[in-house]
Amino acid sequence: MAVTDVPTQRDASTDELTKRLAELESRVAELEEARPEDRVSLVIFSGDLDRVLAGFVLATGAAAVGQQVSMFFTFWGLNVLKKSTRLEGKSFFEKMMAIMSPGGSEDLPVSKMNYFGVGAKMLRKMMKDKNVSSLEEMMDLARELEVKMVACEMSRDVMGIGIDELVDGLESGGVASFMADALDSRASLFI
Amino acid sequence: MAVTDVPTQRDASTDELTKRLAELESRVAELEEARPEDRVSLVIFSGDLDRVLAGFVLATGAAAVGQQVSMFFTFWGLNVLKKSTRLEGKSFFEKMMAIMSPGGSEDLPVSKMNYFGVGAKMLRKMMKDKNVSSLEEMMDLARELEVKMVACEMSRDVMGIGIDELVDGLESGGVASFMADALDSRASLFI
Amino acid sequence: MAVTDVPTQRDASTDELTKRLAELESRVAELEEARPEDRVSLVIFSGDLDRVLAGFVLATGAAAVGQQVSMFFTFWGLNVLKKSTRLEGKSFFEKMMAIMSPGGSEDLPVSKMNYFGVGAKMLRKMMKDKNVSSLEEMMDLARELEVKMVACEMSRDVMGIGIDELVDGLESGGVASFMADALDSRASLFI
Chain A
1 MAVTDVPTQR
11 DASTDELTKR
21 LAELESRVAE
31 LEEARPEDRV
41 SLVIFSGDLD
51 RVLAGFVLAT
61 GAAAVGQQVS
71 MFFTFWGLNV
81 LKKSTRLEGK
91 SFFEKMMAIM
101 SPGGSEDLPV
111 SKMNYFGVGA
121 KMLRKMMKDK
131 NVSSLEEMMD
141 LARELEVKMV
151 ACEMSRDVMG
161 IGIDELVDGL
171 ESGGVASFMA
181 DALDSRASLF
191 I
Chain B
1 MAVTDVPTQR
11 DASTDELTKR
21 LAELESRVAE
31 LEEARPEDRV
41 SLVIFSGDLD
51 RVLAGFVLAT
61 GAAAVGQQVS
71 MFFTFWGLNV
81 LKKSTRLEGK
91 SFFEKMMAIM
101 SPGGSEDLPV
111 SKMNYFGVGA
121 KMLRKMMKDK
131 NVSSLEEMMD
141 LARELEVKMV
151 ACEMSRDVMG
161 IGIDELVDGL
171 ESGGVASFMA
181 DALDSRASLF
191 I
Chain C
1 MAVTDVPTQR
11 DASTDELTKR
21 LAELESRVAE
31 LEEARPEDRV
41 SLVIFSGDLD
51 RVLAGFVLAT
61 GAAAVGQQVS
71 MFFTFWGLNV
81 LKKSTRLEGK
91 SFFEKMMAIM
101 SPGGSEDLPV
111 SKMNYFGVGA
121 KMLRKMMKDK
131 NVSSLEEMMD
141 LARELEVKMV
151 ACEMSRDVMG
161 IGIDELVDGL
171 ESGGVASFMA
181 DALDSRASLF
191 I
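From first to last, the protein sequence lines are chains A, B and C. Our numbering puts the first sequence at residues 1 to 191. Our numbering puts the second sequence at residues 1 to 191. Our numbering puts the third sequence at residues 1 to 191.
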C-alpha cells in the first residue's frame, strides 16, 4: 500500500510542477518574442548638413557597437540621397521643387548660419581641419557597416523624385516598413 | 525503512524544484510587468506643415499595425490643433503670439522654402496631385483610429491659449502624462 | 523491486524537470540582462531656446518619475552649456563660429519669430508671467536631480570649443557613450 501510494503522490506533485513549468516556458517564449532586436532606427527627415551628419554619426556609431541600423530617408532627407536631378517627365511643381532643392549630399545647407552656402562650406572645412570624416565618407562607412538605407516611397511620389535620381543600393519602402523596424528597435530617433 | 526514505528524498528534490519554480515565476512576472505595451508616443513640438505631416503619417501608420498611439502637442505644435483665435482676455504678449501664429492646421507654414505660404500651398497641391491624404484628412483618420491627442498644459498656459480655442476631443496633460506613455512605448519620437 | 523502481522513475522525471528549469532560468537571466534600465536619453542637438526648454522639461519630468536621465549636448546644443567665449588659440573659422554663436543659455534664440532676440525675450517674459521656471532654473533643477549632462567631444573638437568655456559638472563623451545609454533606455529622443 505504502509503496503504491508513493508513485501516486509523486505523480501529483511532479505533474503539477510540469504543468507550471510548461506554462512558464510559454510565458518566457512570449517575452523572448517581444524582446527588441539589437537594432536602432532613424528617420532622416531633415536635409540640413548638420542634422544629417548627426544622423550618420549616430548610425555608424550604433553599427560599430553591433546594432543593426535602419535609416529611413523622407521629405528633405531624400536630398541626401540624390545623385542627379532629372527635369523631363516632371510636373511644373515637381520641376520647381527639383530646381530649388539641393542636388545631392554635397549641396546640403546647414540649418543655422548658412549664408547662401558659406556656413556649409565652413562646417566642412572645420571638420576636415580636425580630421573628422566628411558626410560622403560617413555614407560610405555606413554602407560598409551594412546600415540599411530606405527611401520613403510616399515622399518620392509627392515630390516626383524617380528612383533613378537616387544613389544605388537603397531600399524603397513606406511608413509600414519603418514602423516594423522601429517597433523592434532598442532606440528610435527622428532627425 | 527504504519505503519511508523514498518520500523524504523525493520531497527534498521536488521541494527544491518548487522553490526554484516559484522564484522564477516571480521573476517572469516582473519582466512581464516591465514589458512595453504595443504603444508609440510622439511629441509634436513643431508647427511646420511638413514635420506635422510626418508626425501624422507615423501616428496613423503605427495605429494601422495595431499600436496604441499618443500624440503630445506642445509649443508650436499647438497651432495644429487651433480651431479659432480669441484675443479678448489675453495679455499683450499673448495677443501678439496669437496674431503671429497660424490660426489652425490649414495655416501651417513649411519649414523650408515657405516664401510667405507659397511653399505650403505647393506641398498641399503636390500631395493632392498624387492622391495623398491632406493633413486634415490624416487628422480625421487619426481620430478614427483612436489616436490619443494631448494638448500640453504648460504650453497652453505660457502662450495663453484657452482650451476653447482648440479642436474638440483633446485630452489636456503635462510632461508627466507624456512620460508615462513614452516609458511604456516601443518607440518614442520628438518631431 | 518495486521499491527500487520508484526512485529510478522519480529521478528520470525530476531530472528532466531540473534540466528544463535550469534552461528556463538561463533564458530568464538573459531577458533580465537585456531589459532596459529605468532610463531616458536625450540628444540636445538644437541650440534654440524653445527646443532646449522642451528638452529640459522632458529631462526633469523623467527624473521626477524616477528615471535616470542622460542629456547628450552636440552641435548647436553646446551653446546651452557655454559660460564664456574665449578667442585666443582659435583658428579663423573657430573664432567666427564663436563670435556668431550664442555665448550661453541666456543668449539662445527661438526657432521661430526670433526677430533679433525679441522672440526669445518675449518667450522668457511669458514664462515668467506664468511662474514657469526659466531655462537656467530648469538647468539647476536638472543638476539637483542628478541628470547626467555630456558634452559631445567631436562637436567640441570641430567647433574648437574648450572644456574651459563650458559650465562645470559636465562629462565629456562621444557617440559611443550616448549609444550605450540610449540602448539601455526606455525612451530616447533627438531634440
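It is worth saying that the hints were derived from the structure and are not from the lab. Among the clues, some could well be false.
Lysine-lysine pairs mimicking DSS-like chemistry, simulated, CA-CA at most 30 Å apart [to be verified]:
1. Lys-19/C to Lys-19/B
2. Lys-112/A to Lys-95/B
3. Lys-90/A to Lys-130/B
4. Lys-83/B to Lys-128/C
5. Lys-130/B to Lys-148/A
6. Lys-125/A to Lys-95/C
7. Lys-90/C to Lys-121/A
8. Lys-90/C to Lys-112/A
9. Lys-19/B to Lys-83/B
10. Lys-112/C to Lys-95/B
11. Lys-112/A to Lys-148/A
12. Lys-90/C to Lys-95/B
13. Lys-83/B to Lys-19/C
14. Lys-121/A to Lys-83/C
15. Lys-95/A to Lys-128/B
16. Lys-95/B to Lys-19/C
Going through the hints against the structure:
Of the pairs offered as hints, the one joining Lys-19/C and Lys-19/B holds, with about 15 Å between alpha carbons and a cut-off of 30 Å not exceeded. At most 30 Å may separate the alpha-carbon atoms for a hinted pair to count; Lys-112/A and Lys-95/B meet this at roughly 28 Å. With a C-alpha separation of about 13 Å, the suggested pairing of Lys-90/A with Lys-130/B holds against the 30 Å cut-off. Taking the CA atoms of Lys-83/B and Lys-128/C, the gap is about 27 Å. The hint holds against a cut of 30 Å.
A threshold of 30 Å between alpha carbons decides the hint, and for Lys-130/B with Lys-148/A the separation of about 27 Å falls inside it, so the pair holds. Distance check on the hinted pair: Lys-125/A and Lys-95/C sit about 14 Å apart at the alpha-carbon level, within 30 Å; holds. For the hint pairing Lys-90/C with Lys-121/A, the CA-to-CA distance comes to about 18 Å; that is within 30 Å, so the pair holds. Between Lys-90/C and Lys-112/A the alpha-carbon distance is near 21 Å, which keeps this suggested pair within the 30 Å criterion.
About 61 Å separates the Cα atoms of Lys-19/B and Lys-83/B, which puts this hinted pair outside 30 Å; it is violated. Between the alpha carbons of Lys-112/C and Lys-95/B the distance comes to roughly 16 Å, so the proposed pair stays at or under 30 Å and holds. The straight-line distance between the Cα atoms of Lys-112/A and Lys-148/A is roughly 29 Å, inside the 30 Å bound, and the hint therefore holds. As the CA atoms of Lys-90/C and Lys-95/B are separated by approximately 45 Å, the hinted pair breaks the 30 Å bound.
Of the supplied pair hints, the one linking Lys-83/B and Lys-19/C is violated, its CA atoms being roughly 64 Å apart against a limit of 30 Å. With a C-alpha separation of about 27 Å, the suggested pairing of Lys-121/A with Lys-83/C holds against the 30 Å cut-off. Taking the CA atoms of Lys-95/A and Lys-128/B, the gap is about 16 Å. The hint holds against a cut of 30 Å. At roughly 72 Å between alpha-carbon atoms, Lys-95/B and Lys-19/C are farther apart than 30 Å, so this suggested pair is violated.
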